Amino acid sequence: MKKILMPVVAVALLALIPYVGVEYAGLSYLFGVVIPYFAALVLVAGFLFRMVDWLRRPVPFNIVSTTGQEKSLDWIRQDRIESPSKPWHAAIRVLSEVLLFRSLFRNNRAELRKGPDLTYGSHKWLWLGGLAFHWSLLVIVLRHSRFFFLEPGPFFQFLEQADGFLDVTVPAFFMTDALVLAAITFLVLRRIGDAKMRLLSLQTDYFPLFLITGIVVAGIAMRYFAKIDVMPVKDLALGYMKFSFSAPGEIGSLFYVHLFLICVLAVYFPFSKLVHMGAIFISPTRAQLNNSREKRHKNPWNKPIKFRTYAEYEDEYREKMKKANIPVEKE
Amino acid sequence: MSKYLPKQSELVKEFEEKPSVLKGDYAGREWWEMPFEFREGNFCFPAKPEVIKDLGFPNPRKWLPTDDDWKLPDGWQKILKDAMKERLKKYRSLKLYLDSCVRCGACADKCHFFLGTGDPKNMPVLRAELVRSVYRNDFPMVEKILKGFAGARKLDEKVLREWYMYFYQCTECRRCSVFCPMGIDTAEITIMVREILQLVGLNNNWILAPVSNCNRTGNHLGIEPHTFVQNIESLVDDIEDVTGVKVNPTFNRKGAEILFITPSGDVFGDPGVYTMMGYLLLFHHIGLDYTISTYASEGGNFGFFTSNDMMKKLNAKMYHEAKRLGVKWILGGECGHMWRVVHQYMDTMNGPADFLEEPVSPVTGTKFTNARATKMVHIAEFTADLIKNGKLRLDPKRNDHLRTTFHDSCNVARGMGMFEEPRYILNKVCNSFHEMPENTIREQTFCCGSGSGINAEEYMEMRMKGGFPRANAVRHVREKHKVDSLVTICAIDRASLPPLMRYWNPGVSVYGLHELVGNALVMEGEKKRTEDLREEPMAGFEDGEEDED
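Going line by line, the protein sequences match chains C and B. Quick note on my numbering: the first sequence kicks off at 1098 and runs consecutively. Quick note on my numbering: the second sequence kicks off at 108 and runs consecutively.
Derived from the structure by calculation, the hints contain no laboratory data. Remember, predicted model here, so these are calculated numbers, not experimental data. No residue lacks a Cβ here, since even glycine has one placed at the ideal position from N, Cα and C. Among these hints, one or two may not hold up.
[What the hints assert, rightly or not] Negatives, chain C to chain B, calculated, CB over 10 Å:
id: 1; residue: Val-1105
id: 2; residue: Val-1117
id: 3; residue: Ala-1136
id: 4; residue: Pro-1155
id: 5; residue: Lys-1183
id: 6; residue: Leu-1192
id: 7; residue: Ala-1207
id: 8; residue: Lys-1211
id: 9; residue: Phe-1244
id: 10; residue: Leu-1263
id: 11; residue: Ala-1269
id: 12; residue: Leu-1276
id: 13; residue: Val-1327
id: 14; residue: Lys-1331
id: 15; residue: Gly-1336
id: 16; residue: Val-1372
[Unchecked claim] DSSO-like cross-link-like pairs, simulated, lysine-lysine; straight-line CA separation at most 27 Å:
id: 17; chain 1: C; residue 1: Lys-1099; chain 2: B; residue 2: Lys-265
id: 18; chain 1: C; residue 1: Lys-1417; chain 2: B; residue 2: Lys-430
id: 19; chain 1: B; residue 1: Lys-192; chain 2: C; residue 2: Lys-1395
id: 20; chain 1: B; residue 1: Lys-261; chain 2: C; residue 2: Lys-1427
id: 21; chain 1: B; residue 1: Lys-261; chain 2: B; residue 2: Lys-188
id: 22; chain 1: B; residue 1: Lys-120; chain 2: B; residue 2: Lys-196
id: 23; chain 1: B; residue 1: Lys-196; chain 2: C; residue 2: Lys-1403
id: 24; chain 1: B; residue 1: Lys-197; chain 2: C; residue 2: Lys-1395
id: 25; chain 1: B; residue 1: Lys-587; chain 2: B; residue 2: Lys-504
id: 26; chain 1: B; residue 1: Lys-202; chain 2: B; residue 2: Lys-110
id: 27; chain 1: C; residue 1: Lys-1221; chain 2: C; residue 2: Lys-1293
id: 28; chain 1: B; residue 1: Lys-185; chain 2: B; residue 2: Lys-110
id: 29; chain 1: B; residue 1: Lys-202; chain 2: C; residue 2: Lys-1395
id: 30; chain 1: C; residue 1: Lys-1395; chain 2: B; residue 2: Lys-430
id: 31; chain 1: B; residue 1: Lys-110; chain 2: B; residue 2: Lys-169
id: 32; chain 1: B; residue 1: Lys-188; chain 2: B; residue 2: Lys-169
id: 33; chain 1: C; residue 1: Lys-1403; chain 2: B; residue 2: Lys-535
id: 34; chain 1: C; residue 1: Lys-1403; chain 2: B; residue 2: Lys-361
id: 35; chain 1: B; residue 1: Lys-535; chain 2: B; residue 2: Lys-634
id: 36; chain 1: B; residue 1: Lys-197; chain 2: C; residue 2: Lys-1183
id: 37; chain 1: C; residue 1: Lys-1419; chain 2: B; residue 2: Lys-361
id: 38; chain 1: C; residue 1: Lys-1417; chain 2: B; residue 2: Lys-361
id: 39; chain 1: C; residue 1: Lys-1400; chain 2: B; residue 2: Lys-192
id: 40; chain 1: C; residue 1: Lys-1400; chain 2: B; residue 2: Lys-160
Based on the provided sequences and hints, a complete structural model is requested.
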């Protein structure tokens, strides 16, 4: 239980900091300007650093996982996505991982029954929950562009309309707000409910989930309940786009809670498991081509090695070889 | 039955009663608090001092994992940390896979060792966490600031023992990586950890003894050239007894068109020898101009389970010998990890093989463009092409005494992607073939439980547990379709599946694919066939009955 409670407490404390800071100490400049710029810098620089740090390390061997038929004889149908032999095959493979969580779709659940017998049932809940979570987050982030641009493009307007088409509240209710909370609830519950998941989960697995919950709840509270005045918020966001350092207008402290938790997430991002966002694009088992017999893969640190040559071998066994009528180089 | 093996009834009881994460609960405990214990049956013997000395590896000594004192070298922590740092620099995969796991748990119940033992540390995610927890603590990483929070721990002797135990309960089969949304491959981590454990003298005799043999004699079994030839010649005699046909393999012959390399288990071990007889019959049938080398007489490569350098060193013999003999290209026999090495590593390590020619089948003229650079063709690709072009005279009825299923070998499946060729061949050489359940074949195939060099007698208990998911899938088709023959294209499978079948599914025999090809081949000048290559009677060909052919 400790590993669940600690992150909850951590997020609660983190949420209190800006509240107290703005409400009682009047630090709106710190929380509205200084920290956001700092967090954005850490996010961008940190993430770039992690990507470059990975990419500068060599991939000495072709280690692609082949989950479908290789390209071999003409009359055997190659599985071009699961066993890619051209760059565009691999691009589709990687993109289908990124956008559709292709590998998770394969997921099944093993059960040991009396006998003993193992059975494997289809188990797509993780796939579904994961998709709902990530896609909702993406839509929510894109939706926020209306704060950052005077006139968001038609795509963003469409996104906002589509997301709010239910129109059951004032302002219009966004489906993704509910969806992301439902998905997080599921993702947390499955970590708690299953014995395997309980064991393998760490505090660092719960923390980002709770942190995002905090961000979403603060956001929802602002929009539907506290109904915070959006004009100064939009001014502030437009200011960010111009790298302006002017002080924010009068905004409720709930907004600073929302913003500060986002900043925490941004700073946490590059140094935690959240970097999987970048890793998934370059995972060698998925991004490489299964053409290692067709085209030589180069290893930058490959160096010559001393091995036992045929000559040394024959020197040891020449007499025995001759007796057995095996041809030799030197009589 | 091995003294290292509990009775089947005891193991079944353990499956059903002992709590495991599969069905039970470990309320309130963390994985790093769970005890583990070395006892007879759950470790492979460490390498003998003379073997280690012969290979020039560090810390040769006599010891057992059950000892209190493992006689580690001074400063072993530093040795391991430095070695790990070096490999983090050399392999993007290692760094990436230590960094990017989100612990989603998709891999948790995909490992055959987890399914067979219920031990949580056999969940691939936790196997990797054994290393990640130390990585987070000890390696230069910004995550250091979040130490306790991120589940970090020091590299102490308990952790080291845990590594030694659990990285030999991984067979590098890559099944978990199929399900991982990040494509994390536990095999990459296991390969690295086993490699650095060598540096402090933690190793496995069943791997290093063959490595040492292979280096000296050319093959894992340590067969010297004259014995190697003698053995194949005795197989030639056996073939003549069964078929009445005399085949003529040649050895170390310069100027042959093709060099044929197969695991030495096919030359010496039962039932591998029957597969070898199948190859010999096939080559005779098509009049192939080939030779077998006594120097490069090993297809397999236990160096792969040792270190990158050792893999390269043993593999170098293949091209070296092909060059010396002046062949045009290399044909490789049925094997699992051999093909992972040949397909994904050989050309990179020891290529370019510009002294060879792009492989072309001398019988059909088919160009094997997929092997254009490496110049090595898999026997199943070669044979499938022969059959497709109608170059083989086959009588599948000669395998009517067998009801078959096919076991995809991990490395050929997930490290090469060959699924259709063996199935095509199998369907052409026998009349009864039934697939095991879909979650246990093809890219989702289960390891035999003994891959990656843990096929040791003293490890029998773990092997029977690790092989349980495979055996259970075989039992399914045995009950449903009366399957009695498990066909594979892997030499380790041929060695390890027979005891697994005897234990879990008595009555199921293990065959190599080309043994069945050998049975089905109608040879020119053959005598009336009544027995298969094992000299067991074929169905419908009994003496006195008219052969329809």
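Inset, instruction - Hints the structure violates: just list their numbers, smallest first. - result: 4, 7, 8, 16, 20, 22, 26, 28, 33
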